[in-house]
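Keeping their order, the protein sequence lines are chains A, B, C and D. Residues in the first sequence are numbered from 0 upward in steps of one, following numbering that gives the first Met the number 0. Residues in the second sequence are numbered from 0 upward in steps of one, following numbering that gives the first Met the number 0. Residues in the third sequence are numbered from 0 upward in steps of one, following numbering that gives the first Met the number 0. Residues in the fourth sequence are numbered from 0 upward in steps of one, following numbering that gives the first Met the number 0.
It is possible that some hints are incorrect.
Treat identical chains as interchangeable: a pair holds within one or across any two.
What the hints assert, rightly or not - With a straight-line cut-off of 25 Å between C-alpha atoms, the simulated SDA-like cross-links for lysine to any residue are: (1) K107 - A119; (2) K161 - P49; (3) K298 - Y25; (4) K298 - E13; (5) K219 - G270; (6) K298 - E187; (7) K219 - H84; (8) K161 - Q37; (9) K298 - A118; (10) K161 - E13; (11) K191 - Y306; (12) K107 - A274; (13) K219 - R126; (14) K298 - G24; (15) K107 - D310; (16) K161 - R218.
Rather than coming from a laboratory, the hints here were simulated on the basis of the structure. These numbers come from a predicted model, not from an experiment.
There are 4 protein chains.
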Amino acid sequence: MHFASDNSGPASPEILAALGAANSGYAMGYGADDEMAQITARIRDIFEAPEAAVYLVATGTAANVLALSTLTQPWQTIFCTGPAHINMDECNAPEFYAGGAKLTLVTKEDKMTPASLRAAIEGEETRGVHGPQRGPVSITQVTEFGTVYSQEELRALCDVAKSYGLPVHLDGARFANALVSLGCTPAEMTWKAGVDAVSFGGTKNGCMGVEAVIFFDPRKAQEFEYRRKRGAHLFSKHRYLSAQMLAYLTDDLWLRNARTANTKAARLAEGLRAAGADFSHDPQANMIFAALPRATHQKLFDAGAVYHLWDGDLDGPADETVTARFVCDWSIGDDQIEGFLNLL
Amino acid sequence: MHFASDNSGPASPEILAALGAANSGYAMGYGADDEMAQITARIRDIFEAPEAAVYLVATGTAANVLALSTLTQPWQTIFCTGPAHINMDECNAPEFYAGGAKLTLVTKEDKMTPASLRAAIEGEETRGVHGPQRGPVSITQVTEFGTVYSQEELRALCDVAKSYGLPVHLDGARFANALVSLGCTPAEMTWKAGVDAVSFGGTKNGCMGVEAVIFFDPRKAQEFEYRRKRGAHLFSKHRYLSAQMLAYLTDDLWLRNARTANTKAARLAEGLRAAGADFSHDPQANMIFAALPRATHQKLFDAGAVYHLWDGDLDGPADETVTARFVCDWSIGDDQIEGFLNLL
Amino acid sequence: MHFASDNSGPASPEILAALGAANSGYAMGYGADDEMAQITARIRDIFEAPEAAVYLVATGTAANVLALSTLTQPWQTIFCTGPAHINMDECNAPEFYAGGAKLTLVTKEDKMTPASLRAAIEGEETRGVHGPQRGPVSITQVTEFGTVYSQEELRALCDVAKSYGLPVHLDGARFANALVSLGCTPAEMTWKAGVDAVSFGGTKNGCMGVEAVIFFDPRKAQEFEYRRKRGAHLFSKHRYLSAQMLAYLTDDLWLRNARTANTKAARLAEGLRAAGADFSHDPQANMIFAALPRATHQKLFDAGAVYHLWDGDLDGPADETVTARFVCDWSIGDDQIEGFLNLL
Amino acid sequence: MHFASDNSGPASPEILAALGAANSGYAMGYGADDEMAQITARIRDIFEAPEAAVYLVATGTAANVLALSTLTQPWQTIFCTGPAHINMDECNAPEFYAGGAKLTLVTKEDKMTPASLRAAIEGEETRGVHGPQRGPVSITQVTEFGTVYSQEELRALCDVAKSYGLPVHLDGARFANALVSLGCTPAEMTWKAGVDAVSFGGTKNGCMGVEAVIFFDPRKAQEFEYRRKRGAHLFSKHRYLSAQMLAYLTDDLWLRNARTANTKAARLAEGLRAAGADFSHDPQANMIFAALPRATHQKLFDAGAVYHLWDGDLDGPADETVTARFVCDWSIGDDQIEGFLNLL
């Protein structure tokens, strides 16, 4: 009954098998392995983007901050939501990598709207050189509250960014979960909507530790390689990143894992709803924010359930509700979900 | 009728005379001039702080960011208001100097309150190493909206900061204006309230370009000298900074200038109020935020008045009000104020 | 016949097996996995350092720059050799992570001497705040030219550093190779000699991608965790770093692999010497720098040998010698070495 | 008898008079003052560069590091001499402002040669993304040892830089002293030779504290304004920088002061030579490096002479020579020089 994070689960057997298969003989290091060329070709194909530049790193934060710093000048500000991972969970890595750039928090909600984004952009660069200059817009898809921007919402946000000449970054730590939720193509969820660079997550969706960074305009990627090396994120034995990513893209493993996780989460949400839980956000991918009474949380924890309380703790009236975050990864068993729901 | 900024006025004749007097013969550079020792002694005396470390720089932004970066680790966040100069008007200099630290905006208002500060501090460092760590609190006195924190307000904010072990910086670009407004001692407005480091402004109050940075605990200043040099802010012909600051501190010039500016602003505010202007904030020092109808602004501009519109422009209904910022510097003539008020 | 780099070879089967064993069920992320606690205990034991702080990262550059930046202030300079990896092969990552610190190149040779180190230290900090301040000394063991500092040499260098109050970092990307070459204990090669922090390499010696950073004084490590996270080097699925390192330290795999690599290199060196090759440096671990005539290189390359020419290329007189670098990893087969030597 | 530095002397009376004249009424801040427009026009005229972008800052280090960081990427290395001010005397400010870029020391001598520069450039970027990338060349004119690059030398160095596509920065802290020494035009000493950006010094040559930064290609200056503000080097009361620079450029004050200083230094050098002093470098501007016996130094110091010993101190045999640096500023009196020489 582990719903703490999609970071807590194991890697898919296909990933492990690929590591084993890669672990033979000598291979060129630092991204010059044969598999990397296949990955680039595969991603260009999947994204219908024959010019795209593709790079691998091992952590989601590295993908985000290396992509963003390539799009940002140190005197600019990055537009994102308050709950965004780059704001809340990266210990100032974006500011560090972007040479002291700022983050402008567009909203406290899960999603920016065209109106809130426009207002935030208009609020900056009102004082010539004195204030921060307008920089890229970073959109998180799946959002940190488990919701998914629709294609129309993405397009509208990108349109606002473009109207100011600002580039758009998509934090796709849960890219596949969003994609299968929307049922659109990768191109539609990215460059066709106006996205310039993507953090394409693997780690949360069944890999051990690998993320791709994709630039649709390869000129914007020119400096990425220097930034990756200088950030100490270029792997010498790069073949082990490649092996993971290639397996992830093979036979739709990435889509299958995401579909599984989303389906499990839908079943869990259904059960929570049936048990009377309130949802602060509509669960559209593999994350659920649901409010339950403290007494219920206590019972679930006592029975061994693992998940995070979000807006409170167990100290307080037993019948008062506290919102909790439940995340389903690809590996969660039906028995665990049913066991959990039975407890409810 | 120039009310655009206290940066726009001339320097006091005493400052110019001091430059002339200093401009003779040879002097040791880089802060080793004789006058600097006198300044340190004088500031220690004025602040009743015999251990204080004192340094000079030429711009207010330099004072702020060098002081703050000495108190901040790159993985921390600095607590300040949204309108704070360090957030709005320093083009990411605080982030740059602090190695990529973040700013957490406590409030959109002119003043932090103990409650809003506490809430902001509680909102950070909730995720172990993942989020930014809590860093210094930076208080602007006079605030960017012309109000002045009372001694009680300052103490209460510092108490909150201290309860979390956080150092406190005071952005005193208009230190003297605040001091004469409060009628308290420099010690009471700083270390007795709990302030650790001060940007002690001279430029806006009758100097050409000089600010002091004061650390009450000299251990905290240990690294300041390296930071100043590395920031390219150590003057070779330092005697010309010293001459200004020494003249500023002599015969209470700093207090006299501030009193004059505040008095002029009070007269201006009185006239504006009589003319029916609305004040978004109570003018307590030398800055006034007053709303007047567009038609009135137009008439005043046509007659040669110089000041900034704050929350709108002249495009719109003539009878609708727009808030403007009026700043009085030490040199503004009574005739200008009366001429302006007569126009009203 | 692959002698290009110890980065090019595969991982030990034990490492792969450990990944497989770790790949089951849920595990706490970000270093809170059970294996990490075992690793810390094991390294404290191996190094006879019960207080040591231990952290894992995935690349050697990350280990170096995170360790060094913890020991360095931005206004300081790091003392190292010209050929040091941190100077030649990290694309300014040390300067980036240390906030703009400088590197002072003590020598162009493979090894610093107490005299050259002392001269370099004396050459800095001669101008008060104007020049860079003296910072840590970084020693590479095995050196970039395949030689190994003796215990006496290490101690003498550390003694010089300590006499100026400077901390010492050991870049041990090939730590195990050096250790088995010297035949001393890990403690003798580190803290007993005066080393404060170690980059303890795994990747080049049979792991997929894992390095430990060890601080003998845990107070010096206090900020390491923030630096690692902010550098985007904290793994969410940390268990896969832990699994590698724990397997590496189990049943002396780290020592066995190093002994194998060194032995193979010794056999290769013997053969090269017999074939008349000149050695610019005495091969003491698993790297050989040997000069052979261009014609010989051509023949070897034609036969499929893979290695790097170091100080020239194949354009030139056939009988002129060019120095090449040969590296043996743990996995190189005897048949490959003998085949190579037969070609010679 | 003060020969310690051209930073120690007073400002020209014309500079002080200009400050007085500027100190009246209100002026737009932050570089929007009327005088700044005149300065730009004047410098474009003097340099025969109608497109040049011109900015003012208050310190030579600020001019250098803001100019250089505009030309440098953080993963690049700046080519300069070991004695260069940016290497020896700026406490890592270049590295800080350039986001962690490196300095490659071309030579330990006062001057780079085309051969040594080419060798240094060839020594970098030999390892793909692994090492630092080649960045700008920074030339110091007058050199730190009082010599002056000839036009031919400058052109040859710029030609080398251009052949690699690298921009060239000229550290002209003593620009005027070099110019009158060469007797060429400002254009010949800069863009006609191939220089892209100049730190045009005023402080050492009779100003209180002002330097111009000149970009001949205004596109290269695009980001300078953001960098200046973010570095905290944009003056609010900018008119006082402008007043100095405008006076400096009026009636050839800059050239007259430099001619005076050089002439005095020539007289001093003549006297030193007559007294048997050895010169390590040919004094070509206003700095002299001359070796005298310790006993002579002692006698001079006892008589009140002020200057720096360069390669030793007074501890040692009285008849052994120690090299000293003597700098003449514009204000040094003939009586002081003659008095000094009489002592000799």
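Each hint, compared with the structure:
no.	hint	verdict
1	K107 - A119	both (12 Å within a copy, 14 Å between copies)
2	K161 - P49	within (22 Å within a copy, 35 Å between copies)
3	K298 - Y25	between (54 Å within a copy, 21 Å between copies)
4	K298 - E13	neither (36 Å within a copy, 42 Å between copies)
5	K219 - G270	neither (46 Å within a copy, 50 Å between copies)
6	K298 - E187	neither (44 Å within a copy, 54 Å between copies)
7	K219 - H84	within (23 Å within a copy, 29 Å between copies)
8	K161 - Q37	neither (32 Å within a copy, 38 Å between copies)
9	K298 - A118	neither (45 Å within a copy, 31 Å between copies)
10	K161 - E13	neither (40 Å within a copy, 52 Å between copies)
11	K191 - Y306	neither (37 Å within a copy, 45 Å between copies)
12	K107 - A274	neither (29 Å within a copy, 41 Å between copies)
13	K219 - R126	between (28 Å within a copy, 22 Å between copies)
14	K298 - G24	between (53 Å within a copy, 23 Å between copies)
15	K107 - D310	both (14 Å within a copy, 24 Å between copies)
16	K161 - R218	both (18 Å within a copy, 23 Å between copies)
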